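Could you slot chains B, C and D onto chain A? The hints should help.
Number of protein chains: 4
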Amino acid sequence: MMQAPLAGRKSADQKTLVEVSGLYFGGREFIVAAGPCAVETCEQMDVIAKGISGCGARLLRGGAYKPRTSPYDFQGLAEEGVPILAETGHRYGLAVVTEVVAPDHVAAVAAQVDMLQIGTRNMSNFELLKAVGRSGKPCLLKRGMSATLEELVMAAEYIMAHGNSHVVLCERGIRTFERYTRNTLDLSAVPALKELTHLPVVVDPSHGTGKRSLVRPMALAAAAAGADGLLLEVHHDPDHSWTGDGRQSLTIEELRRLMFELRTILPALGRTLNYRFSVDEQSRTEVMISGQENHLSLAGVMPG
Amino acid sequence: MMQAPLAGRKSADQKTLVEVSGLYFGGREFIVAAGPCAVETCEQMDVIAKGISGCGARLLRGGAYKPRTSPYDFQGLAEEGVPILAETGHRYGLAVVTEVVAPDHVAAVAAQVDMLQIGTRNMSNFELLKAVGRSGKPCLLKRGMSATLEELVMAAEYIMAHGNSHVVLCERGIRTFERYTRNTLDLSAVPALKELTHLPVVVDPSHGTGKRSLVRPMALAAAAAGADGLLLEVHHDPDHSWTGDGRQSLTIEELRRLMFELRTILPALGRTLNYRFSVDEQSRTEVMISGQENHLSLAGVMPG
Amino acid sequence: MMQAPLAGRKSADQKTLVEVSGLYFGGREFIVAAGPCAVETCEQMDVIAKGISGCGARLLRGGAYKPRTSPYDFQGLAEEGVPILAETGHRYGLAVVTEVVAPDHVAAVAAQVDMLQIGTRNMSNFELLKAVGRSGKPCLLKRGMSATLEELVMAAEYIMAHGNSHVVLCERGIRTFERYTRNTLDLSAVPALKELTHLPVVVDPSHGTGKRSLVRPMALAAAAAGADGLLLEVHHDPDHSWTGDGRQSLTIEELRRLMFELRTILPALGRTLNYRFSVDEQSRTEVMISGQENHLSLAGVMPG
Amino acid sequence: MMQAPLAGRKSADQKTLVEVSGLYFGGREFIVAAGPCAVETCEQMDVIAKGISGCGARLLRGGAYKPRTSPYDFQGLAEEGVPILAETGHRYGLAVVTEVVAPDHVAAVAAQVDMLQIGTRNMSNFELLKAVGRSGKPCLLKRGMSATLEELVMAAEYIMAHGNSHVVLCERGIRTFERYTRNTLDLSAVPALKELTHLPVVVDPSHGTGKRSLVRPMALAAAAAGADGLLLEVHHDPDHSWTGDGRQSLTIEELRRLMFELRTILPALGRTLNYRFSVDEQSRTEVMISGQENHLSLAGVMPG
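Chains A, B, C and D, in that order, are what the protein sequence lines are.
According to our numbering, the first sequence is numbered sequentially starting from 1.
According to our numbering, the second sequence is numbered sequentially starting from 1.
According to our numbering, the third sequence is numbered sequentially starting from 1.
According to our numbering, the fourth sequence is numbered sequentially starting from 1.
Bound conformation, chain A alone (with noise of 0.2 Å):
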């Protein structure tokens, strides 16, 4: 392995909280973000915001700036649609996380929303990744489509070498020969990442099946493997989707039967599902003694 003196864990029991306005990853609560693949209307966003709030997601994600592999698709609202993600998410309570695309984007981007996102197809986009080192703001990384987990591990030191410590890792499938499954979604890589390094680590189980009816289940194997959360495509309307990746999207009534079996299974595995986590003195005392995560501390803030 390569050293990763930042990402790299320095004990078996170094863990890391990050934080995104509020609420703590890799914490107790297992934090869920929801959201279209793309920012298409206000309406559509109010609809969507609205539904997976009232299902107890934390975060709402959405992409303004949509790499797409042809030129002629929808490429997203981008500058416009950075606006309508936060104003709705905010006014539902909702954190929002949006995708970065270009180095000279981020400033701009980290200024409206809560969490940037770094795509599959940017892993290794060096120049990005110092950026958003630079901007401070608080990370969630997804792996590369064929990136090693040693490979996703130094994309976060570079993040973290450039000045940023609030990274979450995101596993959202790999590609294999298999081709039943849009991507085979590895979720072996969250505890594998969990010993090498302290950083929350997610799972994407919508672009990791690229089918809707897989993606219930692998969300729950996902908690069962450790998982700090989920990222999860939701649409009111999936077969309109702007992207056409409705074929992955739940609907807002399967995110709420979804969070309903997540909030029985969690508890068997020590876990929470929207119980908001405040640092005051007595939930930290509640986190520190519980046997697994003893040893917390929070990105960008000394232990001591």
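Rather than coming from a laboratory, the hints here were simulated on the basis of the structure.
Some hints could be false.
As the list claims (entries may be wrong) - With a Cα cut of at most 25 Å, we get these calculated SDA-like pairs of lysine to any residue:
1) A:K211 x B:M1
2) B:K10 x A:S213
3) A:K10 x A:G270
4) A:K10 x D:G8
To be verified - A few chain B residues that don't get close to chain C, going by computed Cβ distances all over 12 Å:
5) V47
6) Y65
7) E157
8) G210
Just so you know, these numbers come straight off a predicted model, no measurement behind them.
Using N, Cα and C, we set each Cβ at its ideal position, and we do this for glycine too.
What follows is chains B, C and D alone, placed relative to chain A:
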């Protein structure tokens, strides 16, 4: 998809129970098979069988015929290993499963054990599939390490087309570029196979990850993904296993901890652990009134 | 790398010639084996054998035992196909090679043909490798579709450790994510295998690409990469082949054009096409004075 | 396949020449670009440029902006490296090509060099593709290490849709399970891309194999597969290269030997090496009467 009239699922609620000496794969019980990579000695098998039996495992696994990459590695005890496995397992009330590697071994092995295993290297050894089909013996069919799900279903179809409907599928990891794990365990295969077929599906997280530390989280994840059971490598002294596969074997103590955790999580998933299902009318009724399992059929038995 | 004392190369200039009925794989002649996917009828084989013989091919290939993904597809003429292949090939002065798929077929097939083939699905069918080893018959060993080069070398080691040193390796494409081609033909396997072993290496661009239009350029590239020959699917009427593999089969006319091009390019690579190498002293000397082939040994014959 | 109206081939004989400072990719000349992984010093570049020029290479390559997996590895001389590359190359009559890694570097780099390179990690960095498209500068577009051919064609379409038709595609190896080589060089991509597009295709056997000993045979094989040229890592002192990529770099002496062999084999393939193609009427005619290249069009020039 190719036509698989026997293995393919004909309706969304079609599910088949596969009986193995009184155990039912695909029923409410989540079934754990455990044991060493290879049958080594009577003493080794006795210690392990006693240990896993005490933890709640149902089947004893162990290789007598070992497919090894090098012709100079320990090739298993062959025909001498089968009776050791069978006698030890049965002494502790465990069903036994072992791998067959050539068509002309099938009959002799089938006469002694409760379930035959087709290993990953032989999933497309069609002559072996036909021989196991003709044997009528319950079969654990492992996915080839680079086999698509469609090919796995067609391998099951071979066995079934030759007269044996008692097939349990097993996901055991596929080959990818990732080097931290030995294979990439494709848990999405579990719900995907349940869409494609009506057969039970189990998971082997030992070979699937190749790392002892990843077996536990992936076993829990497999359960959450909907698997019907697990195949686990367990050795009383992994560092001295004759095949060198100790790095992916649990100790008996580690198995005990995993079984405890499974017992905690399974009820939230509507499953039980080590609850001896018997096909008398009462329990059958019990199964039939549960929401998820209302169209069970018993492999090899005409519904009616 | 694992230890392969028999298949592994011991010095940079160690090279082995494998004789197949008067032909020498690994010598100066670049050897072309051609023929249909499956033996269908006497008439089909006659037309094809006549055609390929007229183009300069040296071996007639054709499957009698066909490993097919579906049990409902044409499985080959089995024991009835072997004599058709053998008689037709020998009538036109062609050596014949055919696949064996079960240990107990080996002796009967070996008695009729000049070379046995181990197919990609059986590269790790160790019982079959042992049986072919014991047969002593020259063997064309195909790389498993997800086998590493090390595993291919170890498969050769199995055959050799069981008494048969007449092994020719065959690259036939590996499984990747690419979907335009059926497999990804790994031509770097040719020089890599020549570093790892002293055995001849041939290439199958028909299965390796799965597309007729790519066979010609990849056949030329294989020659340039240093391959010792080709295995080509050729059918007189590809659109009506019984196995549906016609989309990767050349017509006889296309084979003729390819042979013409090979004849143009091979001299620049220090090779010849269809120059019947005979092991009398004169030609042996001729080979030994050529720069690249000065430490030839004949498989199964002690150098001295 | 997605629609690629600009990059896609519209007829079987459509072919485009891409001019780079008087050189024509896609014409009869087989073009070799060579140079070190990274620009290190003026002295290093001088020795290498002089050496490769003397061997018949046409372009000098060398990275000023180096995408490195670790943030702690040498990241290239950046804007200081570009003029060193350009001046040294031009002093020896070589065109120069270098990688760009961020949209806002493109204009400055384009002003100094003859050709921009998009590296494998940035093939789906669509903002960079757009910037290179707007620059109008000839572009060497490398296939992403896990990109399908369709995705590579669509990446070219991005550049072309933003105004730049001077695109040369480059196969540089894909990620597979094989560990003996660093990547698996997919030479079938060469004829496949020539079916899918009308653009020139070159091959990088240095990154494609990661092993110096495999570069030579794979370079010859690339030529035989129909490639229009090569991109080669060459260093005067590979064991002391600053990036540690010396294990895949040829020495100048090894390049000389390879060029000699290419000169031997290319005529049999209807190609020449280092024959300065000039678009005066005479040579144009010469090209047009050759059988295979009769519908050439010059990139960016309307046929008429």
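Status of each hint after checking the structure:
1. A:K211 x B:M1: holds, 16 Å
2. B:K10 x A:S213: holds, 17 Å
3. A:K10 x A:G270: OK: K10 of chain A and G270 of chain A at ~24 Å, within 25 Å.
4. A:K10 x D:G8: Roughly 51 Å separates the two Cα atoms, so the pair is violated.
5. V47: holds, 29 Å
6. Y65: Incorrect as stated: the minimum Cβ-Cβ distance to chain C is 8 Å, not above 12 Å.
7. E157: For E157 of chain B, whose nearest Cβ neighbour in chain C is about 6 Å away, the distance does not exceed 12 Å, so it is violated.
8. G210: holds, 15 Å
Violated hints, in rising order: 4, 6, 7; the structure is consistent with all others.
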